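Peer 1: In case you want the letters, here they are:
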Amino acid sequence: MSYVSEIFKGLNTLLTGMKVTGNYFLHARKGAITQQYPDNRDTLKMFERFRGEVVMPHDENNEHQCTGCQKCELACPNGSIEIIWDRGIDEATGKKKKKIDRHIYHLGMCTMCGLCIEACPTDAIVWAPNFENSVFDRTQLTKVLNQPGSKVKAGIED
Amino acid sequence: MQTEALQKYLEAWEFELTFGEETDQFLNVNVHPHQLLEFMRKLKSDPETYFDYLFCLTAVDWESTMEVVYHLESTKHRHILVVRTKTDERATPVLDSVSNIWATAEFHEREAFDFFGIHFKDHPNLKRLFLTEDWKGYPLRKDYTDEANMVIK
Amino acid sequence: MEKTLLYEELKSQEYFINMGPQHPATHGVLRLLLTVDGEIIKKVEPDLGYIHRSIEKMCERDSYQQIVHLTDRMDYLSSHINNEAVCLTVENALQLDIPDRVKVIRTIIGELTRIASHCLWWGVIGMDLGALSTYFYGFRDREMINDIFEETCGARLTMNYNIPGGLMFDIHPNFVKRTKEFITHFRNKLPEYDRLLTGNIIFQNRMKGVGILSREDAISFGASGPVGRGSGYSCDVRKHHPYSAYDKISFKEALQTEGDSFARYRVRIDEMWESMNIIEQLIDNIPEGDYKVATNAVIKLPKGEFYQKVETARGELGVYIISTGTKNPYRMKFRSPGFSNLSLLNHIAVGGKIGDLVASMATLDLVIPDIDR
Amino acid sequence: MFLKFSITKTIHDWLFELMPAGVAGVVEMILIAVVYLLIFAVAGLYLVLLERRVAAWFQLRLGPNRVGYQGLLQTMADALKLVSKELTGTEKADKFLYNLAPYFVIVTSLMALSVFPFSEEFQAFDINIGIFFLTAISSIGVIGILLGGWSSNNKFALIGAMRSGVQTISYELSVGLSLLTMVLLTESLQLSEIVAVQKNGWLIVQGHIPAVIAFVIFMIAGTAETNRAPFDLVEAESELGAGFHTEYSGMKFAYFFLAEFINMFIIAAIGTTVFFGAWLSPFGITDSIPWLGVFWFLGKTLLLVFLMMWFRWTFPRLRVDQLLRLEWKYLLPINLFNLVFMAGLIWLGLTIKF
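Keeping their order, the protein sequence lines are chains A, B, C and D.
Per my numbering, residue 1 is the first one in the first sequence, and the count goes up by one each step.
Per my numbering, residue 1 is the first one in the second sequence, and the count goes up by one each step.
Per my numbering, residue 1 is the first one in the third sequence, and the count goes up by one each step.
Per my numbering, residue 1 is the first one in the fourth sequence, and the count goes up by one each step.
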């Protein structure tokens, strides 16, 4: 008799499983967990802390907060940040001061670890929630973060 | 067994052992390569020590010597012992394999062979595990250079 | 005479199959050299190294802060726990006094990571055995956890939320609410897992008595995590060598004694329940305080050796640092759970069918970057 | 010739008026073939689409919904892509058999379609050994699978092919026996007769308990015979990659793929014909409109197809020895017992007839 009960028990477990999937089938209309990505671009919003890429915010006077201290360059584990700097004369004090020429960021090498942003003493670089980073040419992934003609905000010291 | 008691217990054995400093996290014991296999067998079979769980086996390149470190734990007494053995031979260091005491050592010894070039005697299947068969050199040694694949900071 | 000749001709021959490096069941670039007699496995020999990046060598040139993010890339399904392991080692070496808040947050996120990892595993085990829908159900629940992580630390998988000395930044204000939401959601969904797969007669037939690993062998092969616990070997690092906040909470260690694939499966399902219990104990009383303690910008570990065990979703991860007092480790070794668990694959798969190999490999829950560090 | 045309009577008459009888017969055959080919190429494609959408709904996804309205043209686009793809193959393959295999599979599955009574008039061939013909034809397909797997010189394909041989030969028995159980009721193998008998109630009602058992066994064995999950050991994605068609690409792969879906349709259609009264409407509600028969036939068939899809997206796969154990230890004995049971019922006159 165990032979028969075995069959019925087996069939019962199968039907239980079918009930689960069947339930999802019946509620398929509202249950879809996938997103139709390029279509929902307008409504798709990343979380504020999302690590998309490193950017350097500039204010309306085209001024940033980077003093060129190179702490981010040192903190970066894989050399994605290169800072080209020279010494210029500070207009306010007339003293010689370190000034960035170009803050180069290799997005292609970046692992989004966030150590540079942790290391930055002046909060000159921040995360941007931009995730559409694909380009046709790899050289486009090398970005210069400071805008041309920009300069450091007055009174920023590291 | 507590660390001191364990040290006392091991000192009573007929092996040339040197113990590590007291500040160490676990009890360290240095054993001569010749006595390694015998010592390990005793560590596992003695009911008082009963180190049946080899949770880490690794090699260290100390420039002049090669060292193999065995982290042992007893699942019965829950005490931990670190056994270390050193060999001066750098070109082809040869040590006894413990893979017939702990089965896990088979893969860990192959890894150590792969990266440090330490040959384990009586190992059932000692060949490259991660690297290709024709790889030159042992990458985790301190003097290993590979211009193409290594980024030096 | 003729009879023996006929027999010689009819005698089955063993043959080789290359399973992988591109194969759906190996979950990554693991290559298995199978010696097979018909359908019956005679020998399994793993061939590794297809994605070996030599993280241990890279660690020797990196500072201690930088090492942490490399561990994300080992066992990427429990990246937070890997990070925690390195941070704990460094903190213990520096003898830092870590605030309770950090410990509790680390524990909660660690348990969430464990649930996420097991969710993925559950989805994948169904897929390995041919029930494709489980994959999506598992991912649905995992996605909620990933959203929690993303909101709190900005990354979904390779989180890098820990730094030596604490956390990179404080938890997001929504963290507690979302975690609670997840727990209520998941408490409803986990029984569904059982109904769909655990109870299924086909699934039970595929899993029971397959890939049997005895307790002695489990210890000898260095099996840890659910693989060891499925063999009745109590090896939960959280119980035996508690770290972070695990010494303050009560939880059961999931143990099964059969040692077959189904036992390992049950252990992981039970662990998900236990993880939810742990989170529920902690989530309402995260202590106030700092989220990190200040460390030097350049961390120099004292001369010596430091070892830290943690329990990742796959088992016991060991971090072994040999320091000579400089800002880089002299030697860094990761004792990865997957590596030891893989070494017993040959032991449990021999004698089974090809289908059994897939089933037992799925219950070992291998993550290849964890093995190919 | 067992031709039976009523709805196409005019075409038939017109053809025979136009040319001598022999030529007209041939032309007529070709016409039927072309019509069936066209219909089932399209039907096969839409079955693929249906499977994909149904799978998506089971799995909390949306499924293909880009090409055309709600993805209706998706599989057309896929087919176009497959046609334009390069036909790759292994160098050491047995070229002749390798190329022959897909045709075996697709031709047999198309052949089986020709005997189904889609409605009272829409049936190409009404041969008096209909059921026998179906079971015979549907097992020829396995030769194609065996050839394909063996000739592609790939071990995964070979394992898949051998599994397929084992599986189809075993489950052929159950399909045959469960149909035989029903044939006891109808006392005829001819499909039109079988349908005629069911005017007094569908066979699953007429035969009640043994008929239901036979139906369950038929669905299990039928799923196994079409090599679909949970019996898809032949392809067993996580074990063998793609199984017997690992080395096929482009249109040759498409033949295997289409054949799988048409086979599924065939099994469902046999089930509909034998158990659920083919084109007969429930309680004869649309008996006055004969062409609605097609609708009822397809409706019932698609329901059974859906059931098979439901199986596929719920159950894990069996292991090869469990597969055989299920057949020889459970299905076959039950089936034989069921056959005797049914015979007893008929002997005692315990069947339900309206």
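Incorrect hints may have been included.
If you want a taste of the chain A side facing chain D, the calculated C-beta under 8 Å gives, among others [claimed, not checked]: (1) 8; (2) 13; (3) 14; (4) 21; (5) 22; (6) 25; (7) 28; (8) 32; (9) 36; (10) 104; (11) 108; (12) 112; (13) 154; (14) 156.
Covered, in the sense of this in silico footprint (three residues per stretch, anywhere, with C-beta under 8 Å from a C-beta of chain C), are these stretches of chain D [unchecked claim]: (15) 205–219; (16) 229–240; (17) 318–325.
Calculated lysine to any residue pairs in the SDA-like style (CA-CA distance at most 20 Å, straight line) [to be verified]: (18) A/71 to C/328; (19) D/155 to C/277; (20) D/155 to C/216; (21) B/136 to C/57; (22) C/303 to B/62; (23) A/30 to C/13; (24) B/127 to C/33; (25) B/8 to B/62; (26) A/9 to D/216; (27) C/43 to B/100; (28) C/239 to B/32; (29) C/303 to B/20; (30) C/43 to B/123; (31) A/99 to A/147; (32) B/44 to C/216; (33) C/239 to B/1; (34) D/329 to C/205; (35) B/76 to C/205; (36) D/155 to C/45.
Since the hints were made in silico from the structure, they are not lab data.
Because the structure is a prediction, the values reported are computed rather than measured.
Heads up, the beta-carbon is just placed ideally off N, CA and C, and yes, glycines get one too.
Peer 1: All hints, please: hold or fail.
Peer 2: Cross-check of the supplied hints:
With its C-beta approaching chain D no nearer than about 12 Å, residue 8 of chain A sits outside the 8 Å limit, and its interface hint is violated. Hint status for residue 13 of chain A: violated, given a least beta-carbon distance of 10 Å to chain D, over 8 Å. The beta carbon of residue 14 of chain A comes within 7 Å of a beta carbon in chain D, closer than 8 Å, and the hint placing it at the interface holds. Given the 8 Å rule on beta carbons, the hint for residue 21 of chain A holds: about 4 Å separates it from the nearest Cβ of chain D.
For residue 22 of chain A, the suggested interface contact is upheld, since its CB lies about 7 Å from the closest CB of chain D, less than 8 Å. Interface hint status for residue 25 of chain A: upheld, as the beta-carbon distance to the closest one in chain D is roughly 5 Å, under 8 Å. Interface restraint check for residue 28 of chain A: the shortest CB-CB distance to chain D comes to about 3 Å, inside 8 Å, so the restraint holds. This hint holds: residue 32 of chain A has a C-beta 5 Å from the nearest C-beta of chain D, less than the 8 Å allowed.
A hinted interface residue such as residue 36 of chain A counts as satisfied when its beta carbon comes closer than 8 Å to some beta carbon of chain D; here the least separation is about 7 Å, so the hint holds. Residue-level restraint check for residue 104 of chain A is violated (minimum Cβ-Cβ distance to chain D is 40 Å; threshold 8 Å). With a least beta-carbon distance of about 30 Å to chain D, the hint placing residue 108 of chain A at the interface is violated under the 8 Å criterion. For residue 112 of chain A, the shortest C-beta to C-beta distance to chain D is roughly 28 Å, which exceeds 8 Å, and the interface hint is violated.
Among the interface hints, the one on residue 154 of chain A is violated; its C-beta lies about 54 Å from the nearest C-beta in chain D, farther than the 8 Å criterion. The beta carbon of residue 156 of chain A is not positioned within 8 Å of any beta carbon in chain D (closest approach about 50 Å), and the interface hint is therefore violated. Remark: the region 205–219 of chain D is not confirmed as covered by chain C, as 0 of its residues place a Cβ nearer than 8 Å to a Cβ of that chain, below the required three. With 9 residues bearing a CB less than 8 Å from a CB of chain C, the region 229–240 of chain D meets the requirement of three and the coverage assertion stands.
Here the region 318–325 of chain D counts 5 residues with a CB under 8 Å from a CB of chain C, which clears the bar of 3, and the coverage holds. For the hint pairing residue 71 of chain A with residue 328 of chain C, the CA-to-CA distance comes to about 18 Å; that is within 20 Å, so the pair holds. Between the alpha carbons of residue 155 of chain D and residue 277 of chain C the distance comes to roughly 48 Å, so the proposed pair goes past 20 Å and is violated. Distance hint between residue 155 of chain D and residue 216 of chain C is unfulfilled; the C-alpha atoms sit about 36 Å from each other, more than 20 Å.
Taking the CA atoms of residue 136 of chain B and residue 57 of chain C, the gap is about 16 Å. The hint holds against a cut of 20 Å. A distance of roughly 14 Å separates the Cα atoms of residue 303 of chain C and residue 62 of chain B; the hinted pair therefore holds under the 20 Å criterion. Distance check on the hinted pair: residue 30 of chain A and residue 13 of chain C sit about 54 Å apart at the alpha-carbon level, beyond 20 Å; violated. With a C-alpha separation of about 15 Å, the suggested pairing of residue 127 of chain B with residue 33 of chain C holds against the 20 Å cut-off.
With a CA separation close to 29 Å, the supplied pair residue 8 of chain B and residue 62 of chain B exceeds the 20 Å bound. For the suggested pair residue 9 of chain A and residue 216 of chain D, the alpha carbons sit about 15 Å apart, so the restraint of at most 20 Å is met. A threshold of 20 Å between alpha carbons decides the hint, and for residue 43 of chain C with residue 100 of chain B the separation of about 19 Å falls inside it, so the pair holds. Restraint check for residue 239 of chain C and residue 32 of chain B: the C-alpha separation of about 35 Å exceeds 20 Å, so the hint is violated.
For the suggested pair residue 303 of chain C and residue 20 of chain B, the alpha carbons sit about 13 Å apart, so the restraint of at most 20 Å is met. Note on residue 43 of chain C and residue 123 of chain B: the hinted pairing holds, with a Cα-Cα distance of about 18 Å set against a maximum of 20 Å. A C-alpha spacing of about 14 Å is found between residue 99 of chain A and residue 147 of chain A, which places the hinted pair at or below 20 Å, so the restraint holds. Restraint check for residue 44 of chain B and residue 216 of chain C: satisfied, since their Cα atoms lie roughly 13 Å apart, inside the 20 Å limit.
Simply put, residue 239 of chain C and residue 1 of chain B have alpha-carbon atoms about 18 Å apart, close enough for the 20 Å limit, and the pair holds. Between residue 329 of chain D and residue 205 of chain C the CA atoms are separated by roughly 15 Å; this keeps the pair inside 20 Å, and the hint holds. Between residue 76 of chain B and residue 205 of chain C the CA atoms are separated by roughly 34 Å; this puts the pair beyond 20 Å, and the hint is violated. Taken as a hint, the residue 155 of chain D and residue 45 of chain C pair is honoured in the structure, with Cα atoms around 18 Å apart against an allowance of 20 Å.
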